[in-house]
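**Student:** For reference, the chains in residue letters:
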Amino acid sequence: GQQLNQSPQSMFIQEGEDVSMNCTSSSIFNTWLWYKQDPGEGPVLLIALYKAGELTSNGRLTAQFGITRKDSFLNISASIPSDVGIYFCAGFYNQGGKLIFGQGTELSVKP
Amino acid sequence: EAGVTQFPSHSVIEKGQTVTLRCDPISGHDNLYWYRRVMGKEIKFLLHFVKESKQDESGMPNNRFLAERTGGTYSTLKVQPAELEDSGVYFCASSRDLRGGYTFGSGTRLTVV
Numbered sequence: 001g002q003q004l005n006q007s008p009q010s011m012f013i014q015e016g017e018d019v020s021m022n023c024t025s026s027s028i029f030n031t032w033l034w035y036k037q038d039p040g041e042g043p044v045l046l047i048a049l050y051k052a053g054e055l056t057s058n059g060r061l062t063a064q065f066g067i068t069r070k071d072s073f074l075n076i077s078a079s080i081p082s083d084v085g086i087y088f089c090a091g092f093y094n095q096g097g098k099l100i101f102g103q104g105t106e107l108s109v110k111p
Numbered sequence: 001e002a003g004v005t006q007f008p009s010h011s012v013i014e015k016g017q018t019v020t021l022r023c024d025p026i027s028g029h030d031n032l033y034w035y036r037r038v039m040g041k042e043i044k045f046l047l048h049f050v051k052e053s054k055q056d057e058s059g060m061p062n063n064r065f066l067a068e069r070t071g072g073t074y075s076t077l078k079v080q081p082a083e084l085e086d087s088g089v090y091f092c093a094s095s096r097d098l099r100g101g102y103t104f105g106s107g108t109r110l111t112v113v
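From first to last, the protein sequence lines are chains A and B.
Straight run, no breaks: the first sequence in the working numbering ends on number 111.
Straight run, no breaks: the second sequence in the working numbering ends on number 113.
Treat the hints with caution; some may be incorrect.
Across the chosen pairs, the derived CB separations fall in these ranges [unchecked claim]: (1) A:A78 <-> B:E68: 45 to 51 Å; (2) A:N5 <-> B:T111: 38 to 44 Å; (3) A:P111 <-> B:M39: 24 to 30 Å; (4) B:E85 <-> A:I80: 33 to 39 Å; (5) B:S27 <-> A:G59: 25 to 31 Å; (6) A:I80 <-> B:E14: 29 to 35 Å.
DSBU-like cross-link-like pairs, simulated, lysine-lysine; straight-line CA separation at most 30 Å [claimed, not checked]: (7) A:K98 <-> B:K54; (8) A:K98 <-> B:K51; (9) B:K41 <-> A:K98; (10) B:K54 <-> A:K70; (11) B:K78 <-> A:K70; (12) A:K51 <-> B:K15; (13) A:K70 <-> B:K44; (14) B:K78 <-> A:K51; (15) A:K98 <-> B:K44; (16) B:K41 <-> A:K110; (17) A:K51 <-> B:K41.
Hints are computed from structural coordinates only; laboratory data are not their basis.
Yeah, the Cβ is synthetic: ideal placement off N, Cα and C, and Gly gets one too.
Construct the entire structure; sequences and hints are all you get.
**Tutor:** Printed below as a string of structure tokens:
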């Protein structure tokens, strides 16, 4: 079945550093989404990407939909302690409602 | 608007017992989804309701899992009998359409001992 490979699995960074994480797939996805999960909460949508090559920003976050439609990356600039959490990439494989998720990247930020 | 609400937030049950999880979606959202995350792994799709109909239940692990959405409002997910491997966090999500991202609930952490 469809699978998303997300890396890295975890990151330990200093406050103020930039962060980059990515997802790849052997299948083409029509939509890429990036979610963040805080402890004890459900995933919250950060950025949605709908077109190949699309580059979208949301504050200090920037994400791109790969031109091959098989990958996406998320960058966080000038990290702050509240960026701590688990980041998930996810994609719609077809027009149905089912989302495929990556394994998550756990981010720790040291003040 | 109120978010997606899930009950209970935590449940610890013994192997062989029955547990029922409940999800109240955002009002007006016809699409309701159940997902599960087993420790350290990806969040996996279980099923998708459109109103009261099961649109896709391809992710349901086996017939010990039963999901219902009577009247197209709230949904329940029953596990009977529970096994150790059913432990994990069960997320419910809802959406108005299929294009954008969903809104997730806070999840129910199920521990089977």
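**Student:** Each of the hints needs a verdict: does it hold here or not?
**Tutor:** Evaluation of the provided hints:
| no. | hint | result |
| --- | --- | --- |
| 1 | A:A78 <-> B:E68: 45 to 51 Å | holds (47 Å) |
| 2 | A:N5 <-> B:T111: 38 to 44 Å | violated (28 Å) |
| 3 | A:P111 <-> B:M39: 24 to 30 Å | holds (28 Å) |
| 4 | B:E85 <-> A:I80: 33 to 39 Å | holds (38 Å) |
| 5 | B:S27 <-> A:G59: 25 to 31 Å | holds (29 Å) |
| 6 | A:I80 <-> B:E14: 29 to 35 Å | violated (43 Å) |
| 7 | A:K98 <-> B:K54 | holds (12 Å) |
| 8 | A:K98 <-> B:K51 | holds (15 Å) |
| 9 | B:K41 <-> A:K98 | holds (17 Å) |
| 10 | B:K54 <-> A:K70 | holds (29 Å) |
| 11 | B:K78 <-> A:K70 | violated (36 Å) |
| 12 | A:K51 <-> B:K15 | violated (46 Å) |
| 13 | A:K70 <-> B:K44 | holds (19 Å) |
| 14 | B:K78 <-> A:K51 | violated (38 Å) |
| 15 | A:K98 <-> B:K44 | holds (10 Å) |
| 16 | B:K41 <-> A:K110 | holds (25 Å) |
| 17 | A:K51 <-> B:K41 | holds (28 Å) |
Hint check: violations occur at hints 2, 6, 11, 12 and 14; the rest are consistent with the structure.
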